[in-house]
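Number of protein chains: 2
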Amino acid sequence: MPEIYWEDFVEGDVKTFGSHEVTEAEIIDFATAFDPQPMHLDPAAGKASLLGGLAASGWHSCAIMMRLICDGFLLRAAGMGSPGVQETVWREPIHPGDVVTLRRKVLESRSSKSRPEIGLVTFRFELLKPKGTVAMDQTVVIMFSRRNPGARLA
Amino acid sequence: MPEIYWEDFVEGDVKTFGSHEVTEAEIIDFATAFDPQPMHLDPAAGKASLLGGLAASGWHSCAIMMRLICDGFLLRAAGMGSPGVQETVWREPIHPGDVVTLRRKVLESRSSKSRPEIGLVTFRFELLKPKGTVAMDQTVVIMFSRRNPGARLA
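Top to bottom, those sequences are chains A and B. Position in the first sequence (first residue = 1) + 93 = this note's numbering. Position in the second sequence (first residue = 1) + 93 = this note's numbering.
These are computed hints drawn from the structure, not numbers from a lab. What you are looking at is a predicted structure, and each value in this text was computed from that prediction instead of being measured.
Using 20 angstroms as the maximum straight-line C-alpha spacing, the simulated SDA-like pairs for lysine to any residue come out as follows:
| id | chain 1 | residue 1 | chain 2 | residue 2 |
| --- | --- | --- | --- | --- |
| 1 | A | K140 | A | T116 |
| 2 | A | K140 | B | L168 |
| 3 | B | K206 | A | L143 |
Work out the full structure, taking the sequences as your base and the hints as a guide.
Put into structure tokens, the structure is as follows:
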């Protein structure tokens, strides 16, 4: 049974979750499968690129962030999926050995008028590098079951 | 040597690229690593969810789309990476056996004022399901080298 419902996300709340050390092997494995551009596969090509060294695919960063979201709170929550991502910004490359963490800000919480059993939460998720700089941020809407469903409005 | 430079992307151009059959095994493998929510791991949980059956993680859809982008044109192009994604919308779930293709629309092309050797292209990428419906769409900016660098403007 979920522990966390829509009502538990409070606008303005900021929390930090988890950590993950990104390895050279996993950068290359992900890129080989999904994003085989040279700067994600080969240290020399990474060094010659704007990324300054072998760097994780931006989609790998998204996948790592999603795993931190799952382990941090989503797997204990009554999550119902997401309609989409409002914005993703890749600000700094992630290199082998970087230990990344997740910062979650609750930007907005609203109930669904048409489906009173559902609430929607807009999050800003930031993937933080070891020195606290932001490697990537994302604004995402996630749907959750309500602990106390609202009334269906006319 | 790249075949495709910034100048080769013409605003308004629409093309379709590649195809990939999404298997149950790869849906579960990706979800196990990065997005272990029940609807991405277990057919029964998928059926009970809003997705109507075992369905690929939205991040898996992004990764599959990136691979189609790479194989379709990006690996032959003078690509320099991307600052980010303006919007990602997950419109329909992707289920095992779905064969997906990529549709690329060139929305906007502009040169960089500060870096005359670079141009930026804004694409709308759509991941199409077998019947031509859109499972996911994305608006993404990608940087490319220019074949004919422009003048640095004051």
